[in-house]
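So the chains spell out like this:
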Amino acid sequence: MDSLFQEVMQLLTFESILFAALGVFIGIVIGALPGLSVNLALSLMIPITYAMNFNGAIMMLLGVFVGGVYGGSISAILISTPGTPAAAATVLDGYAMAQNGKGGTALAIATVGSFFGGMIGVIALIFVAPLLGRFGLKFGSAEVFSLMFFGISVVVSLSEQDMLKSLIAAVIGLILGLVGVDVLTGVTRFTFGNMHLYSGISSVALMIGLFAMSVMFQESGQMTYGSKVAAKLGLAEVKEALLVLKRNLFLAIRSGLLGTFIGVVPGPGSTAAAFVAYNDAKTSSKNPEGFGKGDESGVLAPETANNGVNGGALIPLLTLGIPGDTGTALLLGAFILHGMTPGPLFFTEHTDIVYFVFAGMVIIFLMQVIMGLSLAKIFIKVLEVPKTVLIPLVIVLCFIGAYAANDSILDVIIMVVAGIIGYAFKRLGYPPAPLILSFILGPGLEEEFRRALIISKGSYSIFFNHPISCVLLICAVISLVISIVRRIKSNNKA
Amino acid sequence: MNNSAKIKDIISALVFMALSVFVYVEAMDFGNAAAGTSDSGIFPKAVACILFFLSVLLIVRTIVKSKVEGKHESGNKDKIPKNSIFILLFTVLYTAASAIVGILIPIPFFVCGCLLVLGYRKPLGVALISILSTLIVYAGFDLLLGIPLI
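Those protein sequences? They're chains A and B, same order as listed. Our numbering puts the first residue of the first sequence at 1, with every later residue one more than the last. Our numbering puts the first residue of the second sequence at 1, with every later residue one more than the last.
For the record, the hints were derived by calculation from the structure and aren't laboratory data. Please read all numbers here as calculations on a predicted model, not as lab measurements. One should not assume that every hint holds.
Derived, one-sided and incomplete: chain B residues facing chain A with beta-carbon distance under 8 Å [unchecked claim]: (1) VAL23; (2) LEU58; (3) SER84; (4) ALA99; (5) PHE110; (6) VAL111; (7) LEU118; (8) GLY119; (9) LYS122.
Here are the simulated lysine to aspartate or glutamate pairs, EDC-like style, with alpha carbons at most 16 Å apart [to be verified]: (10) B:LYS45 to B:GLU26; (11) B:LYS65 to A:ASP162; (12) A:LYS426 to A:ASP162; (13) B:LYS45 to A:GLU447; (14) A:LYS138 to A:GLU349; (15) B:LYS6 to A:ASP162; (16) B:LYS8 to A:ASP162; (17) B:LYS45 to B:ASP29; (18) A:LYS457 to A:GLU447; (19) A:LYS489 to A:ASP162.
Yeah, the Cβ is synthetic: ideal placement off N, Cα and C, and Gly gets one too.
With the sequences and hints as input, model every part of the structure.
As structure tokens, this is what we get:
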């Protein structure tokens, strides 16, 4: 235990903490800007961390991940436009509070609530992840394949958009993941003789294209923000926020746990968590008619829940290699890019890294609350940057980001094509999240599928003879069937 | 579901069908599996078949839906905004230019073009933002992170 502590402390250098602070700052700034999501922030930052060492890079990206979710609440409260989808529920009462002259208090409640929810998520991560990690050791190829299949099926079935189109997007992701040299046989597939494609399509270029470039194409057609409400965040507002937390402690704990639980389940993510917690707060309130008119718990509950998701989503990522949402799918891509592949063996092979992530998350949430309260003025100022300036600059970052990973113009071309596809997907109603998830999981899925077949000498029964694998496959089918039935019912009602 | 959405769904399904056929045909050259060995083509073929099936399903669903719901005219919201088209065009031009002269040199021209298209009307501001953004990118990535941009 002592040696593990020493190893973690060696990773937790001053430099990595500095990068974490930078990540939180960048995450809050990007998250605060409407239209620029956590996913965009992560996809822009991943190539920048390429030249950095692993611990600095991961701390910075976790900082962006955490800061980005929180940052969305700033614009939700001040301009009635959620910076990120996760802050959509915060608009309902946050903006009403700001209009009532309590914008600063709403910001302070969001900050304190985010920290509280985040810490609940981290505590769950610390206690649950090792248990799940031990369980993951029982996994062979059939189980890992079934688990990945389950992960993709859940993301598809819980997609808010058309399920058939989500499935198509997931399959396209699998096809894109096929490009390159087959690791089991050495056969080149879909490379068209281009050596740059032997190692596959650059995940960084694809991520930037789908989550940043496509958003910029879309945003350039919608140039206006909502009207801004002035707000002051001082000591009085912080004190008031703490009193709100004290008054609603049980609700905050419940929302944090709800967020954490939703985070563990692959698919729904922080937006769903925020709305579930908001509804829970409203239905359990003695004054439900006050919701939507500036109720403090209407800000506290969704902000606590959507930050609880962060810790929860890291549990399946670190223990099983299954991302809970798009943000963690991008983080998984970053881990792989830096030579670490989370999965069932990650806990035993890289225990120091796992505990480093735990410690890092605690530090990051502390930084988030400190920055959120002390640098509020800067973050509020960010909302004054006009989109006319912001869009070209973000696109330039997209170009450089795609190029930086491999110093390759081909990656820039891939990024632009992915951006155009992402934009077309948005307009045609195909969600990009299942595509990127199956693109990242696809190569592993195929490898484990074929390994399992080699072990079973070509018999598909291996996936059903192994109890864990069989249960996971049944769960995958059930999740898809339930989703289909639910949609048919809602269509019939409409 | 309006007419334009139906047509878009059918066209996208046809594109995906074509893609699935292409993937399947290509995968036929990846080798066949002997008993107990691994075949590079098995997974791409399976994925291609699934995509083909889902595309057919999308077409069928779109046709059935259109018969049930009747015809609706599409509104203006289906049109791609002019700004988006110009930004897309500039992006393609930038990519083509960067393949010839490198990634850094076209940046000021790209930023300048985008600013003007998006409605930024201060000439000095346009010049400053275009040049400064290029310099910052150069300093940050080339000098600081050691990523050669020229």
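Tested hints:
1. Taking 8 Å as the C-beta contact cut-off toward chain A, the hint placing VAL23 of chain B at the interface holds, the least distance being around 6 Å.
2. With 8 Å as the threshold, the beta carbon of LEU58 of chain B comes within range of chain A, its nearest partner Cβ sitting at about 6 Å, so the hint holds.
3. Hint on SER84 of chain B holds. Least Cβ distance to chain A is approximately 4 Å, under the 8 Å limit.
4. The interface hint given for ALA99 of chain B is met, as the beta carbon of that residue sits about 5 Å from the closest beta carbon of chain A, less than 8 Å.
5. Annotation: interface hint on PHE110 of chain B holds; nearest CB of chain A at approximately 7 Å, less than 8 Å.
6. Hint status for VAL111 of chain B: holds, given a least beta-carbon distance of 5 Å to chain A, under 8 Å.
7. Against a cut-off of 8 Å between C-beta atoms, the interface hint on LEU118 of chain B holds, since the closest Cβ of chain A lies about 4 Å away.
8. Interface hint at GLY119 of chain B: satisfied, since its Cβ lies 6 Å from the closest Cβ of chain A, which is below the 8 Å cut-off.
9. With a least beta-carbon distance of about 10 Å to chain A, the hint placing LYS122 of chain B at the interface is violated under the 8 Å criterion.
10. At most 16 Å may separate the alpha-carbon atoms for a hinted pair to count; LYS45 of chain B and GLU26 of chain B meet this at roughly 9 Å.
11. As the CA atoms of LYS65 of chain B and ASP162 of chain A are separated by approximately 14 Å, the hinted pair is consistent with the 16 Å bound.
12. Of the pairs offered as hints, the one joining LYS426 of chain A and ASP162 of chain A holds, with about 12 Å between alpha carbons and a cut-off of 16 Å not exceeded.
13. Pair hint LYS45 of chain B plus GLU447 of chain A holds up; C-alpha atoms about 15 Å apart against a cutoff of 16 Å.
14. About 15 Å separates the Cα atoms of LYS138 of chain A and GLU349 of chain A, which keeps this hinted pair within 16 Å; it holds.
15. Taken as a hint, the LYS6 of chain B and ASP162 of chain A pair is honoured in the structure, with Cα atoms around 14 Å apart against an allowance of 16 Å.
16. For the hint linking LYS8 of chain B to ASP162 of chain A, the alpha-carbon distance of about 14 Å falls within 16 Å, and the restraint holds.
17. Distance check on the hinted pair: LYS45 of chain B and ASP29 of chain B sit about 11 Å apart at the alpha-carbon level, within 16 Å; holds.
18. A distance of roughly 15 Å separates the Cα atoms of LYS457 of chain A and GLU447 of chain A; the hinted pair therefore holds under the 16 Å criterion.
19. For the suggested pair LYS489 of chain A and ASP162 of chain A, the alpha carbons sit about 14 Å apart, so the restraint of at most 16 Å is met.
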